[in-house]
Amino acid sequence: GIQVEQSPPDLILQEGANSTLRCNFSDSVNNLQWFHQNPWGQLINLFYIPSGTKQNGRLSATTVATERYSLLYISSSQTTDSGVYFCAVLYNTDKLIFGTGTRLQVFP
Amino acid sequence: EAGVTQSPTHLIKTRGQQATLRCSPISGHTSVYWYQQALGLGLQFLLWYDEGEERNRGNFPPRFSGRQFPNYSSELNVNALELEDSALYLCASSFVASNQPQHFGDGTRLSIL
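Going line by line, the protein sequences match chains A and B.
The first sequence begins at 19 in my numbering and counts up by one.
The second sequence begins at 1154 in my numbering and counts up by one.
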């Protein structure tokens, strides 16, 4: 089956810093989503991005489908950005396959 | 627009009992997905329902089952509960098509004592 790997597994930042999270996948996929899971367990949609680049405020994402990777950029990080970031790929038209996540901690 | 809603928020059961979790999709979405997030195991696909039919299931035993109702809401049933079933169960919905994003509810946290 398809493998989805995320790096780094853990990231500790001071408020105001920028960061880049990476998602590699081992096969062609139909779509790719980025999520933020907050400390209460809520999984929040960040981007639906099968290819190209999108921006939403301080966050942006780029997917290069031909090279099988996606990047999530967080600029001017805030303590509320803390949590776990997951990428997930849609494989074989139905289920999402999730990566192992990047745990981000932002300190004031 | 209301999002995906799940109930209950928390559920405490003992080994051997049965649990029923409920999910209401976003209006207009016909597909409902269930995922399990157990400690240390990540998010794993459980079941996919569309138009009232089970379309696919993940690598889980048959005691995990469910159904989808005519209004597209869904139930997940877990029989003969085991300690390892303790997890956050997340429901998602989407329009049925491979190029549509899935939207998640806030989850049901199931604890087995």
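These are calculated hints, taken from the structure and not from any lab test.
Where a beta carbon is used, it is the ideal one built from N, C-alpha and C, also for glycine.
Just to be clear, a hint being listed does not mean it is correct.
As the list claims (entries may be wrong) - Short, incomplete list of chain A residues facing chain B, as computed with Cβ under 7 Å:
(1) Asp45
(2) Asn49
(3) Ser69
(4) Gly70
(5) Tyr109
(6) Phe116
(7) Thr118
(8) Arg121
(9) Val124
To be verified - In silico negatives: residues of chain B with every beta carbon more than 12 Å from chain A:
(10) Pro1215
(11) Phe1257
(12) Arg1262
(13) Ile1265
Said to hold, decoys possible - Pairwise CB distance ranges (calculated):
(14) Ser1160(B) to Glu85(A): 38 to 44 Å
(15) Thr98(A) to Gln1171(B): 24 to 30 Å
(16) Pro126(A) to Pro1215(B): 45 to 51 Å
(17) Gly1211(B) to Ser25(A): 34 to 40 Å
(18) Ala1233(B) to Pro126(A): 45 to 51 Å
*Hint by hint, which ones does this structure get wrong, listed from lowest number up?*
Violated hints (numbers, rising): 1, 3, 4, 5, 8, 9, 11, 12, 15, 17; every other hint is consistent with the structure.
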